[in-house]
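Participant: Chains as they are written, first to last, in the working numbering: chain A, 307 to 514; chain B, 307 to 514; chain C, 307 to 514.
Just so you know, the hints here were simulated from the structure itself, not pulled from any lab data. Heads up, the beta-carbon is just placed ideally off N, CA and C, and yes, glycines get one too. Some hints could be false.
Claimed, not checked - Quick list of in silico lysine-lysine cross-link-like pairs, DSBU-like style, CA-CA up to 35 Å: (1) B:412 <-> C:412; (2) A:412 <-> B:412; (3) A:412 <-> C:412.
Stated by the list, open to error - Covered by chain C, per the in silico footprint, the following chain A stretches (three or more residues, Cβ under 8 Å): (4) 313-320; (5) 389-398.
This is what each chain is made of:
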Amino acid sequence: MLAVIEALGVLAFALSGALLGARRGFDVVGIVVLAALTAMGGGVLRDVLLGDTPPAAFREWPYFAAPIVAAAVTLLFHPAIERQLRTVLVLDAAGLGLFCVAGTVKALDHGLDVLPAAALGVTTGVGGGILRDVVARETPVIVSADSELYAIPAAAGALVVAGAWHLDLYAPVLGPVVAAAIFAVRLVALRRGWRAPSAQTLARRRDG
Amino acid sequence: MLAVIEALGVLAFALSGALLGARRGFDVVGIVVLAALTAMGGGVLRDVLLGDTPPAAFREWPYFAAPIVAAAVTLLFHPAIERQLRTVLVLDAAGLGLFCVAGTVKALDHGLDVLPAAALGVTTGVGGGILRDVVARETPVIVSADSELYAIPAAAGALVVAGAWHLDLYAPVLGPVVAAAIFAVRLVALRRGWRAPSAQTLARRRDG
Amino acid sequence: MLAVIEALGVLAFALSGALLGARRGFDVVGIVVLAALTAMGGGVLRDVLLGDTPPAAFREWPYFAAPIVAAAVTLLFHPAIERQLRTVLVLDAAGLGLFCVAGTVKALDHGLDVLPAAALGVTTGVGGGILRDVVARETPVIVSADSELYAIPAAAGALVVAGAWHLDLYAPVLGPVVAAAIFAVRLVALRRGWRAPSAQTLARRRDG
Chain A
307 MLAVIEALGV LAFALSGALL GARRGFDVVG IVVLAALTAM GGGVLRDVLL GDTPPAAFRE
367 WPYFAAPIVA AAVTLLFHPA IERQLRTVLV LDAAGLGLFC VAGTVKALDH GLDVLPAAAL
427 GVTTGVGGGI LRDVVARETP VIVSADSELY AIPAAAGALV VAGAWHLDLY APVLGPVVAA
487 AIFAVRLVAL RRGWRAPSAQ TLARRRDG
Chain B
307 MLAVIEALGV LAFALSGALL GARRGFDVVG IVVLAALTAM GGGVLRDVLL GDTPPAAFRE
367 WPYFAAPIVA AAVTLLFHPA IERQLRTVLV LDAAGLGLFC VAGTVKALDH GLDVLPAAAL
427 GVTTGVGGGI LRDVVARETP VIVSADSELY AIPAAAGALV VAGAWHLDLY APVLGPVVAA
487 AIFAVRLVAL RRGWRAPSAQ TLARRRDG
Chain C
307 MLAVIEALGV LAFALSGALL GARRGFDVVG IVVLAALTAM GGGVLRDVLL GDTPPAAFRE
367 WPYFAAPIVA AAVTLLFHPA IERQLRTVLV LDAAGLGLFC VAGTVKALDH GLDVLPAAAL
427 GVTTGVGGGI LRDVVARETP VIVSADSELY AIPAAAGALV VAGAWHLDLY APVLGPVVAA
487 AIFAVRLVAL RRGWRAPSAQ TLARRRDG
């Protein structure tokens with residue numbers, strides 16, 4: 307079942323890349339490139355940083371199938387898919403939770419300390435989206451003050467996993483629970499429009 | 307002879323980077339940085355992803371000589387070089403074919419499957435150009451719907467090489483033949499203005 | 307003492323990232339991400355290219371503390387910190403010298419030749435700033451014709467270190483001396499407004 311959710315998460319990441327490519331007027335190649343960068347980027351960054359090469363994404367077929375399926379679906383049903391953006395965001399949130407937890411656990415397995423392991427877990431979850439936005443010349447969603455909480459629930463979840471591991475409190479059940487919590491907080495943030503503060507909002511709050 | 311073509315390909319990649327830097331008004335450092343990123347980027351990405359470090363480009367002198375020569379030529383003869391853009395594009399197409407095939411073969415040698423090996427081969431051919439465009443804040447040529455076929459002949463060629471390898475049909479002569487075919491298709495695409503479709507052109511074709 | 311200067315250099319890099327994030331109106335996450343990219347980017351690129359993974363920055367706490375401290379200081383004292391920009395530039399110049407020399411020595415230790423080792427040293431010094439500017443969608447300071455000499459003193463210093471090493475003239479005292487020289491040249495360039503020429507300024511000088 308976890309494998310099914312992971313495949314759906316990869317597909318959601320790929321779809322978010324393909325949709326951005328279509329919206330920017332890129333050609334077929336651009337749409338496939340953005341879909342692949344988004345789907346594989348986070349995991350590839352994690353594996354290169356851990357020295358586990360070639361990256362797992364180059365050895366598992368869903369990572370190659372997803373960008374192609376996402377590009378085909380986007381090219382064939384472009385305006386209709388655009389209307390399903392909310393579905394894509396929900397799947398993307400599921401992927402965020404899973405990849406973040408899986409990345410943290412893999413980093414801990416490689417002997418990293420609490421903070422570095424959590425940072426690598428967050429990188430796994432958000433790295434693909436950063437690469438997508440950089441290549442498409444968009445302000446990365448993750449740094450923008452206009453976007454709902456994304457990295458913060460991921461970082462909190464990664465710290466819980468890494469902290470439990472180092473306190474010898476980690477149990478296999480913790481992974482899915484934390485992934486589900488990241489997923490849930492991201493969904494509520496999307497619905498309620500929760501945003502992280504910027505230097506400007508903090509200054510205004512201080513002055514006013 | 308292959309070594310001469312490869313050196314010319316590296317030089318063409320470096321020139322395309324140096325020219326873009328000059329056109330954007332960058333200083334000497336910027337021109338060298340863009341030339342080096344374009345010349346070395348694809349091969350470095352390939353070697354880092356395969357875990358073959360330090361990358362070959364850090365061990366072979368043409369990769370270091372090319373950016374310096376390209377920057378010097380560009381700075382000394384800037385407007386004249388600009389008029390030779392077509393020559394640069396022809397050399398660049400030769401480099402694309404060679405690097406794409408060489409990257410695919412190296413990935414197969416490292417035990418990668420058909421699709422991942424082909425993807426890594428294409429990355430070797432186009433990765434430097436993507437890095438060049440990202441640092442120069444241009445929409446990457448490879449994703450833009452305004453640019454002639456570039457990645458598609460490269461991907462087709464890489465798939466032929468990787469497929470032949472896995473079917474035990476690979477012979478050393480296949481490499482140069484496929485590289486020449488990629489080169490030829492790219493040249494014809496440039497002359498005829500062949501472009502890949504975007505989501506917009508496909509939608510128009512469906513509706514109209 | 308070198309460790310103190312290095313920690314201050316990391317903090318200066320992190321502050322330059324955090325300040326850019328605040329100026330661009332990014333949220334807390336964006337400010338931390340830019341601070342971390344700037345502080346860790348150069349060293350991480352060097353270690354990934356040398357195959358020394360996980361990168362040293364993932365094993366040493368100042369690299370994790372600096373982005374968090376920089377983000378907190380920036381969020382709490384944003385307009386005041388902005389007025390200390392000159393202090394940040396001075397610390398950044400110290401970091402540039404140190405990281406450039408340390409990166410060159412590490413690359414020589416891994417057996418790289420003169421030019422590749424110097425290139426990797428410069429990458430260590432300037433890589434974080436390039437990543438910072440790419441993610442923040444700024445023209446990288448290092449390529450822009452509007453910015454004072456930055457990479458040129460770094461490259462000259464790295465070549466001196468790498469050359470001395472290969473001529474068996476390297477002594478441990480050379481490192482700090484070269485780092486101090488890079489620091490000094492950068493400070494004078496800032497004060498006097500020294501800039502590297504672009505293709506345009508060279509063409510004007512030829513014609514005029």
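Participant: Now look at each hint and say whether the structure bears it out.
Facilitator: So, going through the hints one by one against the coordinates:
A C-alpha spacing of about 28 Å is found between residue 412 (chain B) and residue 412 (chain C), which places the hinted pair at or below 35 Å, so the restraint holds. Between residue 412 (chain A) and residue 412 (chain B), the direct Cα distance comes to roughly 28 Å. Compliance with the 35 Å bound is thereby established for this hinted pair. Of the supplied pair hints, the one linking residue 412 (chain A) and residue 412 (chain C) holds, its CA atoms being roughly 28 Å apart against a limit of 35 Å. Under a criterion of three residues with beta carbons nearer than 8 Å to beta carbons of chain C, the stated coverage of the region 313-320 of chain A fails, only 0 such residues being counted.
Only residues whose C-beta sits within less than 8 Å of a C-beta in chain C count toward coverage, and the region 389-398 of chain A has 0 of them, not enough to reach three; the restraint is violated.
Figure legend: structure checked against the earlier numbered hints; hints not met, in rising order: 4 and 5.
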